[in-house]
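*Asks:* Residues per chain are reported as follows:
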Amino acid sequence: MAVQLMQEKWQGVISTVTIGATKEDGGSRSSTIKIGAEESLPCLFKEGAIPNKPRVAFEVWDVPPVDWPRELSQEFSDSLNDPFVWAGKCIKDYNAELICLRLQGAHPDYQDKSPEEEAAFIKEFIRRVNLPLIILGCGDDAKDNLLLPACSEAARGERCLIGNATQENYKAIAASAMADGHSIIAESPIDVNIAKQLNILICDTGLPLERIVIDPTIGALGYGLEYAYSIMERARLAALSGDKTLASPFICFVGQEAWRAKEAKSGEPSQGVMWEVITAASLIQAGADLLVMRHPDAAVKAGKFIDKLFYKK
Amino acid sequence: MALSGLDIYKLLPKTNCRECGLSTCLAFAMQLAKKAAGIDKCPYLSKESKAILESQSQPLIRLVTLGSGEDKLEIGNESVMFRHEEKFHHPCGIGFIIEDSLKDDEIRARIAKINALKFERVGQRLEVNLVALEQKGDAARFIESVKLVSGNTSLGLVLMGWDLLSLKAALDILKGRRVLIYPVKGEDAKALAELTKNYNTALVISAEDLDTLSALTLELNNLGVSDLIIDVKGETIPERIWGLTQIRRLALKKGNRNLGYPALTIVNESDPFEEAQEAATYIAKYSGIVLIRGFQPYEVLSLLTLRQNIYTDPQKPLQIEPKLYPVGQVNDKSPVLVTTNFSLSYFTVLGEVEASKIPSYIVSVDTEGMSVLTAWAAEKFTPRSIADSLNKFGVKEAVVHNRLIIPGYVAVMSGELEDESGFKVIVGPKEAAGIPAFLKNL
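Those protein sequence lines, which keep their order, are chains S and V. 0 is the number of the first residue of the first sequence in numbering that gives the first Met the number 0; add one for each residue after it. 0 is the number of the first residue of the second sequence in numbering that gives the first Met the number 0; add one for each residue after it.
If you are wondering where the hints come from, they were derived from the structure by calculation, not from laboratory data. Note that CB positions come from ideal geometry on N, CA and C, so glycine has one too. Treat the hints with care, as some may be off.
As the list claims (entries may be wrong) - Some, not all, of what chain S presents toward chain V, calculated at C-beta under 10 Å:
hint : residue
1    : 73
2    : 77
3    : 79
4    : 80
5    : 81
6    : 83
7    : 93
8    : 260
Said to hold, decoys possible - Estimated spans, in silico, between C-beta atoms of each pair:
hint : chain 1 : residue 1 : chain 2 : residue 2 : range
9    : S       : 266       : V       : 104       : 24 to 32 Å
10   : S       : 310       : V       : 190       : 34 to 42 Å
11   : S       : 303       : V       : 115       : 25 to 33 Å
12   : V       : 86        : S       : 7         : 36 to 44 Å
To be verified - Cut-off 30 Å, straight-line C-alpha distance, at most; resulting in silico cross-link-like pairs (DSS-like, lysine-lysine):
hint : chain 1 : residue 1 : chain 2 : residue 2
13   : S       : 261       : V       : 117
14   : S       : 8         : V       : 184
15   : V       : 322       : V       : 167
16   : V       : 135       : V       : 184
17   : V       : 429       : V       : 439
18   : S       : 261       : V       : 356
19   : V       : 253       : V       : 196
20   : V       : 252       : V       : 332
21   : S       : 264       : V       : 322
22   : V       : 315       : S       : 264
23   : V       : 429       : S       : 8
24   : S       : 45        : S       : 22
25   : V       : 112       : S       : 303
26   : V       : 252       : V       : 86
27   : S       : 307       : V       : 167
28   : V       : 86        : S       : 52
29   : S       : 261       : V       : 429
30   : V       : 167       : S       : 8
31   : S       : 261       : V       : 253
32   : V       : 46        : V       : 112
33   : S       : 170       : V       : 86
34   : V       : 46        : V       : 167
35   : V       : 102       : S       : 8
36   : S       : 261       : V       : 184
37   : V       : 252       : S       : 261
38   : V       : 189       : V       : 86
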């Protein structure tokens with residue numbers, strides 16, 4: 000007796016978000032990156048199209064990080080204090096195709112750089128680095144509210160992904176992203192309902208759903224990974240079942256979380272890289288579309304694995 | 000498919016005799032459907048009904064036990080496709096393939112390293128489960144290495160032999176250990192069934208497609224062999240994910256008994272990072288056993304941690320005993336930090352306090368395993384409950400000062416907590432990562 004396979008037929012599709020604008024698109028990036036557009040769960044190619052594989056972004060800071068463990072910072076020891084050299088190394092040595100620029104220097108506890116200062120820095124960065132960009136604020140709500148609109152304007156027309164917008168802090172970011180042609184990251188605290196709510200709120204400002212990427216807030220391997228894993232699975236199942244307000248690609252800050260883990264700072268050089276890589280590999284199975292990573296070896300290894308995972312014969 | 004309460008009711012005597020302890024047969028049927036009662040409670044079931052209900056009460060995916068004693072491994076009996084739907088029940092077995100072509104010393108050294116792969120995280124022990132011995136040459140060498148391996152580890156054993164004779168001879172040595180045997184190429188089902196039954200082993204089966212596979216499991220089942228494990232193969236990783244998904248779905252959603260067995264995957268990658276990523280994928284996606292070759296602690300710890308995460312009950316977060324924990328060489332002037340009894344909160348705070356190298360006390364308040372913010376929102380982490388814990392755990396007696404450090408996220412409760420507890424409240428950082436710097440500047 001032949002076994003009848005059981006195929007899911009999904010109604011929904013994840014929206015496609017494009018990062019980067021080339022000359023033809025009115026920007027100056029060397030390429031564009033598309034994420035999302037899945038009609039199926041990860042790797043289940045037979046149940047729907049999966050036109051875009053997950054992508055890895057290399058994280059670069061505007062100022063030298065002070066709290067990175069040595070196992071991580073030593074990889075960029077010659078470049079951490081110069082974001083241009085740092086980004087150049089990611090591109091030249093590790094074939095980065097996407098940079099995630101974190102404007103940590105604007106944080107009141109760091110260097111408290113002004114929005115104008117950071118906007119000028121963004122302009123210079125765009126001039127010197129031509130990859131598609133993710134631009135992150137400093138994480139201080141009040142500051143980001145001033146900082147991100149200024150940087151959005153400075154990067155006008157480059158179709159960046161800008162974040163993070165939160166439930167308490169999305170209006171200014173959404174408005175400027177809309178005016179300047181960017182997409183935004185909507186952050187929710189490991190909560191499907193808030194993710195949905197925030198998408199609706201942002202949508203109400205006029206920014207279309209197709210320009211939102213969800214940051215579900217992840218925990219690293221061993222540090223709450225399973226919460227994010229299940230929240231992402233639930234949101235993705237809802238989206239594929241037809242809930243458009245959850246049908247956004249996911250961005251996961253893998254490097255940020257993995258390198259906070261005690262295990263990553265154990266002194267065993269491979270442990271942290273493995274921690275980051277396994278955090279990424281497992282979240283890919285929950286639907287991750289964008290992985291922001293810190294250690295170059297981890298980013299390269301994750302990228303290589305993605306190619307095997309999303310290889311269609 | 001599982002029978003509904005009404006389906007079950009039709010099979011019952013419908014006499015409402017109450018001997019099962021419930022007031023009606025319908026009520027009993029509903030309990031049966033929820034698996035809250037057993038069919039043996041009804042003394043008047045017809046034979047036919049009993050047979051139907053018994054087959055219904057079998058798990059949809061068979062529970063298979065390997066190994067014995069403390070190192071016993073139980074896999075299968077899963078009930079859902081996604082962990083949030085209920086939970087994943089039986090953590091998958093992680094095992095290591097060792098080739099018998101290695102020198103004795105090398106085998107011994109590897110076994111010693113594998114035996115030593117024991118870790119502790121958030122209060123739980125993380126351990127590996129299996130050693131798989133792969134035959135590369137003649138029977139004599141295989142048997143020799145079986146002796147060597149079995150004499151040096153108490154982990155469960157998988158025998159990947161070439162021919163029945165080698166396997167038989169090996170199993171003669173391993174009497175009393177519940178071994179898993181890996182398919183012998185070209186042998187017919189009858190011979191395998193006989194071997195499996197004679198030596199009480201579990202059996203891995205594999206086939207090119209699901210049709211052949213179900214025919215094979217059916218045949219073996221009819222021969223009396225039911226502890227089977229399905230080897231899921233595929234040229235690419237997505238093909239294997241597809242196979243794993245289909246087998247689990249067909250077993251759970253269609254009640255396909257012929258596919259209702261745990262799955263096994265073998266990772267063939269020499270680079271530890273590629274191997275680990277592939278193994279991680281199979282751990283997340285329904286594999287009951289994952290066999291790898293790499294045994295470096297940094298790789299294995301990562302995989303065991305992932306398994307722990309994936310198999311944690313989403314409804315029951317890991318908890319620790321609520322009490323006063325001294326960290327380092329504390330004295331009566333050491334700082335006191337308060338957090339919840341959610342394992343992750345506690346161990347994260349613990350890790351940072353240790354990193355600060357400043358001996359401190361951590362008060363773990365009983366929040367029923369909720370994290371700081373969740374517990375605060377659910378009113379399990381309140382000025383009252385914290386003050387009660389301080390009294391109960393004798394914090395006032397342990398230190399001479401009266402300062403209490405609370406998580407930054409609950410700064411809002413400071414005033415009320417001071418009133419309730421009599422302690423002077425100091426608001427700590429929001430994130431545990433800020434603790435070392437915070438303690439140093441205290």
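*Asks:* Just to be careful, I want the Cα atoms of residue 170 of chain S and residue 86 of chain V compared with a cutoff of 30 Å; is the pair within it?
*Replies:* violated, 38 Å
*Asks:* Check the hint pairing residue 264 of chain S with residue 322 of chain V against an upper bound of 30 Å on the C-alpha distance.
*Replies:* Holds, at about 28 Å.
*Asks:* Given the range 36 to 44 Å, decide if the beta-carbon distance of residue 86 of chain V to residue 7 of chain S lies inside it.
*Replies:* For residue 86 of chain V and residue 7 of chain S the Cβ distance comes to about 22 Å; the hint is violated.
*Asks:* Would you say the C-beta atoms of residue 310 of chain S and residue 190 of chain V sit inside 34 to 42 Å of each other?
*Replies:* Cβ of residue 310 of chain S to Cβ of residue 190 of chain V: about 38 Å, so the range 34 to 42 Å holds.
*Asks:* Would you mind confirming whether the straight-line C-alpha gap from residue 261 of chain S to residue 253 of chain V stays at or under 30 Å?
*Replies:* violated, 44 Å
*Asks:* Would you check whether residue 79 of chain S satisfies its interface hint, that is, whether its CB is within less than 10 Å of any CB in chain V?
*Replies:* Because about 19 Å separates residue 79 of chain S from the closest Cβ in chain V, which is outside the 10 Å limit, the hint is violated.
*Asks:* Taking 10 Å as the limit, does the beta-carbon of residue 83 of chain S come near enough to a beta-carbon in chain V?
*Replies:* Because about 28 Å separates residue 83 of chain S from the closest Cβ in chain V, which is outside the 10 Å limit, the hint is violated.
*Asks:* Mind checking the alpha carbons of residue 253 of chain V and residue 196 of chain V for me, to see if they're no more than 30 Å apart?
*Replies:* With Cα atoms ~29 Å apart, residue 253 of chain V and residue 196 of chain V stay inside 30 Å; holds.
*Asks:* Going straight from one Cα to the other, do residue 322 of chain V and residue 167 of chain V come out at no more than 30 Å?
*Replies:* At roughly 55 Å apart (the allowed maximum being 30 Å), residue 167 of chain V and residue 322 of chain V break the hint.
*Asks:* Taking 30 Å as the top limit, are the C-alpha atoms of residue 252 of chain V and residue 86 of chain V close enough?
*Replies:* It holds: about 16 Å lies between the C-alpha atoms, which stays within 30 Å.
*Asks:* Given the hinted pair residue 189 of chain V and residue 86 of chain V, is their alpha-carbon gap at most 30 Å?
*Replies:* violated, 37 Å
*Asks:* Does residue 80 of chain S meet its interface restraint, that is, does its C-beta lie within less than 10 Å of any C-beta in chain V?
*Replies:* Given a least distance of 21 Å, the restraint on residue 80 of chain S is violated.
In terms of the numbered hints stated before, the structure departs from hints 1, 2, 3, 4, 5, 6, 7, 12, 14, 15, 20, 23, 24, 27, 30, 31, 32, 33, 34, 35, 36, 37, 38, listed from lowest to highest.
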